[in-house]
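There are 2 protein chains.
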Amino acid sequence: MTGSLVIAGLGPGAGSLVTPEVTDALAQATDVVGYIPYVARVAARPGLTLHPSDNRVEIDRSRHALELASAGRHVVVVSSGDPGVFAMASAVFEALEAGPAAWRDLDIRVLPGITAMLAAAARAGAPLGHDFCAINLSDNLKPWSLIEKRLRLAAEADFAMAFYNPRSKSRPEGFTKTLQILQESCGDARPVIFARAVSTPDETIRVVPLTECTPDMANMRTVVLVGSSTTRIIARAGAPFVYTPRSVDT
Amino acid sequence: MTGSLVIAGLGPGAGSLVTPEVTDALAQATDVVGYIPYVARVAARPGLTLHPSDNRVEIDRSRHALELASAGRHVVVVSSGDPGVFAMASAVFEALEAGPAAWRDLDIRVLPGITAMLAAAARAGAPLGHDFCAINLSDNLKPWSLIEKRLRLAAEADFAMAFYNPRSKSRPEGFTKTLQILQESCGDARPVIFARAVSTPDETIRVVPLTECTPDMANMRTVVLVGSSTTRIIARAGAPFVYTPRSVDT
Numbered sequence: 006m007t008g009s010l011v012i013a014g015l016g017p018g019a020g021s022l023v024t025p026e027v028t029d030a031l032a033q034a035t036d037v038v039g040y041i042p043y044v045a046r047v048a049a050r051p052g053l054t055l056h057p058s059d060n061r062v063e064i065d066r067s068r069h070a071l072e073l074a075s076a077g078r079h080v081v082v083v084s085s086g087d088p089g090v091f092a093m094a095s096a097v098f099e100a101l102e103a104g105p106a107a108w109r110d111l112d113i114r115v116l117p118g119i120t121a122m123l124a125a126a127a128r129a130g131a132p133l134g135h136d137f138c139a140i141n142l143s144d145n146l147k148p149w150s151l152i153e154k155r156l157r158l159a160a161e162a163d164f165a166m167a168f169y170n171p172r173s174k175s176r177p178e179g180f181t182k183t184l185q186i187l188q189e190s191c192g193d194a195r196p197v198i199f200a201r202a203v204s205t206p207d208e209t210i211r212v213v214p215l216t217e218c219t220p221d222m223a224n225m226r227t228v229v230l231v232g233s234s235t236t237r238i239i240a241r242a243g244a245p246f247v248y249t250p251r252s253v254d255t
Numbered sequence: 006m007t008g009s010l011v012i013a014g015l016g017p018g019a020g021s022l023v024t025p026e027v028t029d030a031l032a033q034a035t036d037v038v039g040y041i042p043y044v045a046r047v048a049a050r051p052g053l054t055l056h057p058s059d060n061r062v063e064i065d066r067s068r069h070a071l072e073l074a075s076a077g078r079h080v081v082v083v084s085s086g087d088p089g090v091f092a093m094a095s096a097v098f099e100a101l102e103a104g105p106a107a108w109r110d111l112d113i114r115v116l117p118g119i120t121a122m123l124a125a126a127a128r129a130g131a132p133l134g135h136d137f138c139a140i141n142l143s144d145n146l147k148p149w150s151l152i153e154k155r156l157r158l159a160a161e162a163d164f165a166m167a168f169y170n171p172r173s174k175s176r177p178e179g180f181t182k183t184l185q186i187l188q189e190s191c192g193d194a195r196p197v198i199f200a201r202a203v204s205t206p207d208e209t210i211r212v213v214p215l216t217e218c219t220p221d222m223a224n225m226r227t228v229v230l231v232g233s234s235t236t237r238i239i240a241r242a243g244a245p246f247v248y249t250p251r252s253v254d255t
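Sequence order for the protein chains is A and B.
Take the first sequence: its letter number 144 is residue 149 in this note's numbering, and every next letter is one higher.
Take the second sequence: its letter number 126 is residue 131 in this note's numbering, and every next letter is one higher.
Treat the hints with care, as some may be off.
Treat identical chains as interchangeable: a pair holds within one or across any two.
Said to hold, decoys possible - Mimicking EDC-like on lysine to aspartate or glutamate, the simulated pairs with C-alpha atoms at most 20 Å apart in a straight line are: (1) LYS147 with ASP163; (2) LYS182 with ASP59; (3) LYS147 with ASP254; (4) LYS154 with ASP254; (5) LYS174 with ASP36; (6) LYS154 with GLU178; (7) LYS182 with GLU153; (8) LYS174 with GLU102; (9) LYS174 with ASP59; (10) LYS182 with GLU208; (11) LYS154 with ASP110; (12) LYS174 with GLU189; (13) LYS182 with ASP207; (14) LYS174 with GLU72; (15) LYS174 with ASP193; (16) LYS154 with ASP65; (17) LYS174 with GLU161; (18) LYS182 with ASP193; (19) LYS174 with ASP254; (20) LYS147 with GLU217.
The hints are simulated quantities; they were obtained by calculation from the structure and are not laboratory data.
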């Protein structure tokens, strides 16, 4: 029996943001592997084995998924958002590269999903409507000095920015430093969007001038979007729209 | 009658990549507005008026959509990919900001979609698995000097990069210069992915070392992904996997 491995993005939370391609892959799976809250989003059914696992065991989880596929199972590794953006796809390929050569012959596919920054941007308007960058602020897997370098260069390039994993209990100081660097480098009151738990019942969207941002505005469920120097706010009765124009004057 | 305006992303091409949220919005629309090939992806039905328009009339098209919504219609503006990434959402907000104050009270929503760079990345593996940036290489709406500055800073920041609109018949020299800048700034043979017409019958994916890239490898239907200095290739019998590891060594 020939197995398969699909690495699928479930989107930010709402079922209406899961692509039909991912829904079909889950319907054909024999095994679903992933972080506990993401596996919890997959409905149980006869013939499907769920394998929830804890956070920070991405490589073990990836090896397990590859072993199951090698044994002939049809495995779906679930990520939130898009699996290729600060999620499970890179971990699976790291495990694949380090593992037995036979794993490379497996039928492996990555299915894209709606990543958090784009769901958050849509809620706010179009803040990423011009050139932008995406930075994972967690320094679990890279030195803080590299994050700081990237923040300064991104500000100099006048990119809009999206930050994943801005703040955790174990590293509260990283986001404090991030805000200091941006307030210093950007030197203006451009809009910052704190988007928490987008498309879930807990969703909150808050638009704050950069000069007034404080670290407590973000937690690990927040994606933070920072405008470029050209980003604009359209005030109105409800929440304002934030957008970055397509044009930059010469 | 109260109208509404939805700016919806159709994804890169395949129906299996259209979110249920967007499918539902199209089912409820009275009018669909957009660039000819994107409107052609929406099935005609009684009660739905299709308004296809040509390229490079984004602001006129946006005004038209806002006028229809003001008149009580339920309008969907369709974009390919995600409407907030080098697509229609910014144009609609530009028209909104410049238009009558009453437009600001309209019910306006942006529905995210699978943007081309993430569909392309998924096909190749996980090349955007670490910090990355997205740059529109068209200089229709910004000076070339700004594009060049961003390319050099992005290389210095060691971002993976995604390029939209790399090359058109009217501006063939921009992508030539882009490759020269990257070959000079990066100084290595990191993988570059040329992904054309992803998820359509015309899809082609080509992985080429940066040192061997030539301008003719891209056209306006191509998204180009450039690895960071840490991006790796996993060779195997079929097309190789390209991925950027989550970790950067200190």
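Numbered hints the structure breaks, given as an ascending list: Failing hints, ascending: 2, 5, 8, 10, 11, 12, 13, 14, 15, 16, 17, 19 and 20.
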